[in-house]
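Q: One line per chain: the protein sequences are A and B, in this order. Quick note on numbering: this note's numbering labels position 43 of the first sequence as 43, and the sequence is numbered without any gaps. The number in this note's numbering is simply the position in the second sequence, starting from 1, with 117 added.
The hints are simulated quantities; they were obtained by calculation from the structure and are not laboratory data. Predicted model, so just to flag it, every value in this text is computed and none were measured. Incorrect hints may have been included.
[Claimed, not checked] Cut-off 35 Å, straight-line C-alpha distance, at most; resulting in silico cross-link-like pairs (DSBU-like, lysine-lysine):
#: 1; chain 1: A; residue 1: 20; chain 2: A; residue 2: 55
#: 2; chain 1: A; residue 1: 41; chain 2: A; residue 2: 14
#: 3; chain 1: B; residue 1: 178; chain 2: A; residue 2: 41
#: 4; chain 1: A; residue 1: 20; chain 2: A; residue 2: 66
#: 5; chain 1: A; residue 1: 41; chain 2: B; residue 2: 185
#: 6; chain 1: A; residue 1: 55; chain 2: A; residue 2: 14
#: 7; chain 1: A; residue 1: 20; chain 2: B; residue 2: 185
#: 8; chain 1: A; residue 1: 20; chain 2: A; residue 2: 64
#: 9; chain 1: B; residue 1: 229; chain 2: B; residue 2: 178
[Unchecked claim] Reference excerpt, derived from the structure (chain B facing chain A, CB under 8 Å, subset only):
#: 10; residue: 127
#: 11; residue: 128
#: 12; residue: 163
#: 13; residue: 190
#: 14; residue: 220
#: 15; residue: 222
#: 16; residue: 223
#: 17; residue: 225
Just so it is clear, CB atoms sit at the ideal spot from N, CA and C, and this is done for glycine as well.
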Amino acid sequence: GAVVSQHPSWVICKSGTSVKIECRSLDFQATTMFWYRQFPKQSLMLMATSNEGSKATYEQGVEKDKFLINHASLTLSTLTVTSAHPEDSSFYICSAEGALAGGRGQYFGPGTRLTVT
Amino acid sequence: AQSVTQPDIHITVSEGASLELRCNYSYGATPYLFWYVQSPGQGLQLLLKYFSGDTLVQGIKGFEAEFKRSQSSFNLRKPSVHWSDAAEYFCAVGAITGGGNKLTFGTGTQLKVEL
Numbered sequence: 001g002a003v004v005s006q007h008p009s010w011v012i013c014k015s016g017t018s019v020k021i022e023c024r025s026l027d028f029q030a031t032t033m034f035w036y037r038q039f040p041k042q043s044l045m046l047m048a049t050s051n052e053g054s055k056a057t058y059e060q061g062v063e064k065d066k067f068l069i070n071h072a073s074l075t076l077s078t079l080t081v082t083s084a085h086p087e088d089s090s091f092y093i094c095s096a097e098g099a100l101a102g103g104r105g106q107y108f109g110p111g112t113r114l115t116v117t
Numbered sequence: 118a119q120s121v122t123q124p125d126i127h128i129t130v131s132e133g134a135s136l137e138l139r140c141n142y143s144y145g146a147t148p149y150l151f152w153y154v155q156s157p158g159q160g161l162q163l164l165l166k167y168f169s170g171d172t173l174v175q176g177i178k179g180f181e182a183e184f185k186r187s188q189s190s191f192n193l194r195k196p197s198v199h200w201s202d203a204a205e206y207f208c209a210v211g212a213i214t215g216g217g218n219k220l221t222f223g224t225g226t227q228l229k230v231e232l
């Protein structure tokens, strides 16, 4: 139980284009989903927290107009990187929290490797 | 604000040897503590978590961790390491917010296992 998927697992896009990453909780309803960014050999940095049906809460320093987050259902959240630039290249990981996860633990997706050329 | 310190960036152990990965936290209230493992290019897998109760927590893959409030520590241990345990290990502390359980991660410890 508590499986979280991400799609795509990797994506290459040209500078200036937008990319959408999906995060799904497969066997539980995720009341809250989180989006993280991880640079090579570094820890995870929380970008934003999203609750189903409400606006995402962004961490300080994260541009909400650049990283659009939508949590339209209890099993799906999306992160759209708008007008991507090479510095946006990173490993993006989502996590989901819900009743199955005990309400106080997060289960993580496998991550999405974004490369902007 | 909460914070997590993992003092060891890299650790190398021989297969079959015991392992202890250190984690110290800073948090104003009773912490929720987690250990995650990440293999290269993969997401994070939850090894174990502590919310309350017994301070010695058993996890998956033979791992355990002990919460010591007096030392603000939550060290991860395994009595006999397997080559497949080589990975990055992250300690995290959770804080309940209005929107969910927000995690703060340590910088990670890279475990190398020598055969």
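Q: Each hint should be assessed against the structure and marked as holding or not.
A: Now the hints, each set against the structure:
A threshold of 35 Å between alpha carbons decides the hint, and for residue 20 (chain A) with residue 55 (chain A) the separation of about 17 Å falls inside it, so the pair holds. Simply put, residue 41 (chain A) and residue 14 (chain A) have alpha-carbon atoms about 24 Å apart, close enough for the 35 Å limit, and the pair holds. With a CA separation close to 24 Å, the supplied pair residue 178 (chain B) and residue 41 (chain A) stays within the 35 Å bound. Using a Cα cut-off of 35 Å, the hinted pair residue 20 (chain A) and residue 66 (chain A) holds, with the two alpha carbons roughly 12 Å apart.
Our distance criterion of 35 Å between C-alpha atoms is met by residue 41 (chain A) and residue 185 (chain B), whose separation comes to about 28 Å. A threshold of 35 Å between alpha carbons decides the hint, and for residue 55 (chain A) with residue 14 (chain A) the separation of about 28 Å falls inside it, so the pair holds. Taking the CA atoms of residue 20 (chain A) and residue 185 (chain B), the gap is near 42 Å; set against the 35 Å cutoff, the hint is violated. As the CA atoms of residue 20 (chain A) and residue 64 (chain A) are separated by approximately 14 Å, the hinted pair is consistent with the 35 Å bound.
With a C-alpha separation of about 16 Å, the suggested pairing of residue 229 (chain B) with residue 178 (chain B) holds against the 35 Å cut-off. Proximity of residue 127 (chain B) to chain A is violated relative to the hint, the smallest CB-CB distance being about 11 Å (cut-off 8 Å). Taking 8 Å as the C-beta contact cut-off toward chain A, the hint placing residue 128 (chain B) at the interface is violated, the least distance being around 15 Å. This hint holds: residue 163 (chain B) has a C-beta 6 Å from the nearest C-beta of chain A, less than the 8 Å allowed.
Contact between residue 190 (chain B) and chain A, as hinted, is not supported at the beta carbon level, the nearest pair being about 18 Å apart and thus beyond 8 Å. Hint status for residue 220 (chain B) relative to chain A: holds, with the closest Cβ pair at about 6 Å, below 8 Å. A distance limit of 8 Å between C-beta atoms decides the matter here; for residue 222 (chain B) the minimum to chain A is near 5 Å, and the interface restraint holds. At about 7 Å, the closest approach between the beta carbon of residue 223 (chain B) and any beta carbon in chain A falls short of 8 Å, and the interface hint on this residue holds.
Among the interface hints, the one on residue 225 (chain B) holds; its C-beta lies about 5 Å from the nearest C-beta in chain A, closer than the 8 Å criterion.
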